[in-house]
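Could you build the full structure based on these sequences and the hints that come with them?
Protein sequences appear in the order of chains R and V. Numbering follows the working numbering, with no gaps: position 147 of the first sequence is 348. Numbering follows the working numbering, with no gaps: position 60 of the second sequence is 479.
Think of the hints as simulated: they come from the structure by calculation, not from any bench. Heads up, some of the hints might be wrong.
[Said to hold, decoys possible] Negatives, chain R to chain V, calculated, CB over 10 Å:
hint: 1; residue: Thr291
hint: 2; residue: Pro293
hint: 3; residue: Ser322
[Stated by the list, open to error] Below are the DSBU-like pairs computed for lysine-lysine, each with C-alpha atoms no more than 30 Å apart in a straight line:
hint: 4; chain 1: V; residue 1: Lys498; chain 2: V; residue 2: Lys508
hint: 5; chain 1: V; residue 1: Lys510; chain 2: R; residue 2: Lys335
hint: 6; chain 1: R; residue 1: Lys335; chain 2: V; residue 2: Lys505
hint: 7; chain 1: R; residue 1: Lys274; chain 2: V; residue 2: Lys510
hint: 8; chain 1: V; residue 1: Lys485; chain 2: V; residue 2: Lys498
hint: 9; chain 1: R; residue 1: Lys282; chain 2: V; residue 2: Lys510
hint: 10; chain 1: V; residue 1: Lys505; chain 2: R; residue 2: Lys274
hint: 11; chain 1: V; residue 1: Lys508; chain 2: R; residue 2: Lys270
hint: 12; chain 1: R; residue 1: Lys270; chain 2: V; residue 2: Lys505
[What the hints assert, rightly or not] Taking CB as the label site, the calculated pair distances span:
hint: 13; chain 1: R; residue 1: Asn229; chain 2: V; residue 2: Arg546; range: 36 to 46 Å
hint: 14; chain 1: R; residue 1: Ala233; chain 2: V; residue 2: Arg546; range: 23 to 33 Å
hint: 15; chain 1: V; residue 1: Pro532; chain 2: R; residue 2: Pro350; range: 11 to 21 Å
hint: 16; chain 1: R; residue 1: Asp336; chain 2: V; residue 2: Glu493; range: 39 to 49 Å
hint: 17; chain 1: R; residue 1: Ser276; chain 2: V; residue 2: Gly490; range: 39 to 49 Å
hint: 18; chain 1: R; residue 1: Ala251; chain 2: V; residue 2: Ala464; range: 39 to 49 Å
hint: 19; chain 1: V; residue 1: Glu451; chain 2: R; residue 2: Asn229; range: 32 to 42 Å
hint: 20; chain 1: V; residue 1: Ala464; chain 2: R; residue 2: Phe324; range: 35 to 45 Å
hint: 21; chain 1: V; residue 1: Ser494; chain 2: R; residue 2: Asn248; range: 46 to 56 Å
C-beta: ideal position from N, C-alpha, C; glycine also.
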Amino acid sequence: MKTRRTTLPAALIVLAALLSGTCLAKDNSREAALRAAEIARFEANVNADAAALERLLDAGLEYSHSNGKLDGKSSFIASVKDGSLDYLSTEPTIQGLRIFGDVGVIRGLAKVRVSMDGKTSEFTIGYSDVWLWKDGRWQMTEWRSTRLPDAPPK
Amino acid sequence: MENLLPLAALLLAPFAQAAGRGDEAAVRAAIEARFGAALHADIPALERLLADDLDYCSYLGTCQTKGQYIGDIESGVLKYQAITSKTDKVKLFADTAVALGRVDVTATRNGEPRSLHIAWTAVLAWRAGRWQLTTWSSTSIDPEAK
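The following block contains the structure:
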């Protein structure tokens, strides 16, 4: 009986350690997947890749543009697809990435050159977005950006 | 068998805690409490309501830690005169909540008055038996805002 008493808790501790190791590995791999998804999403915007955006954006997406305009998934993809929102180039820099369970939060900066309804402008935004781990992949469910003041002339 | 009770309690604790996290209303209440604490410069309340790993990004794109944000309020660098908020949506994902809303703010920063209309996104985490703000990002939706 003595042996059982010490062995069972020890086995549970080993099991807990193995599970926490597995969780850590899962978090690391999810973090890498989240970074990759973020970069893929910026690329899909520039390439007007509607199929990629369908995979990368959550059905419940709320996309708050830096001008305060709000898009859902279908309206955002439609405007990228028909060219009324034409991302000519984006240079994102991820500044922070955190994962809370099945929710990922990214904060970053991006230099954006975009044509909206035929008017081209270039600016830098600060952004944060929220992703959900669903169906075995990250999907962006919230986007909020704010336009940063122009850098002073050198 | 009795030796296993503490271990069982340890393993089940996260589930017991999750069961008490409440619903959307609890998230909305935490957000409103946070605005109230900021307005009244209630530092102990802010300490409770803000997560230690808070990432607080203003409409200017500048980000602060919990210590920096509370420090600005405590020192009077940032003084709120009025806050009128509306939480438009709350999405709950287990121990994480994402909320969207708008807020009208009248404040001074370094003595300079500001009146802003802000759209915001917040991420809260259920920790230590309460909702804590971990991420705040905002956009000025008033083009005249400085």
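Against the structure, the hints come out as follows:
No Cβ of chain V comes within 10 Å of the Cβ of threonine 291 of chain R; the nearest lies about 16 Å off, and the non-interface call holds. Listed as outside the interface, proline 293 of chain R is consistent with that label: its C-beta sits roughly 14 Å from the nearest C-beta of chain V, beyond the 10 Å cut-off. Even its closest Cβ contact with chain V, about 14 Å, leaves serine 322 of chain R beyond 10 Å, as expected for a residue assigned away from the interface. Taking the CA atoms of lysine 498 of chain V and lysine 508 of chain V, the gap is about 27 Å. The hint holds against a cut of 30 Å.
Proposed proximity of lysine 510 of chain V and lysine 335 of chain R is supported: the alpha carbons are some 15 Å apart, at most 30 Å. Taken as a hint, the lysine 335 of chain R and lysine 505 of chain V pair is honoured in the structure, with Cα atoms around 29 Å apart against an allowance of 30 Å. Proximity of lysine 274 of chain R to lysine 510 of chain V is assessed by CA-CA distance (about 16 Å); at most 30 Å being required, the pair is judged to hold. Between the alpha carbons of lysine 485 of chain V and lysine 498 of chain V the distance comes to roughly 16 Å, so the proposed pair stays at or under 30 Å and holds.
About 28 Å separates the Cα atoms of lysine 282 of chain R and lysine 510 of chain V, which keeps this hinted pair within 30 Å; it holds. Distance hint between lysine 505 of chain V and lysine 274 of chain R is fulfilled; the C-alpha atoms sit about 23 Å from each other, no more than 30 Å. Note on lysine 508 of chain V and lysine 270 of chain R: the hinted pairing holds, with a Cα-Cα distance of about 16 Å set against a maximum of 30 Å. About 18 Å separates the Cα atoms of lysine 270 of chain R and lysine 505 of chain V, which keeps this hinted pair within 30 Å; it holds.
At about 22 Å, the beta-carbon gap between asparagine 229 of chain R and arginine 546 of chain V misses the expected band of 36 to 46 Å. Hint check: alanine 233 of chain R to arginine 546 of chain V, Cβ distance near 25 Å, so the stated range 23 to 33 Å holds. A beta carbon spacing of about 19 Å between proline 532 of chain V and proline 350 of chain R agrees with the range 11 to 21 Å that was offered as a hint. Remark: the range hint 39 to 49 Å for aspartate 336 of chain R to glutamate 493 of chain V is upheld by a beta-carbon distance near 45 Å.
Between serine 276 of chain R and glycine 490 of chain V the beta carbon distance is about 41 Å. The supplied range of 39 to 49 Å therefore holds. Between alanine 251 of chain R and alanine 464 of chain V the beta carbon distance is about 47 Å. The supplied range of 39 to 49 Å therefore holds. The hinted range of 32 to 42 Å is satisfied by glutamate 451 of chain V and asparagine 229 of chain R, whose Cβ atoms lie roughly 37 Å apart. Here the CB-CB span from alanine 464 of chain V to phenylalanine 324 of chain R is close to 37 Å, well matched to the stated 35 to 45 Å.
At about 48 Å, the beta-carbon gap between serine 494 of chain V and asparagine 248 of chain R stays in the expected band of 46 to 56 Å.
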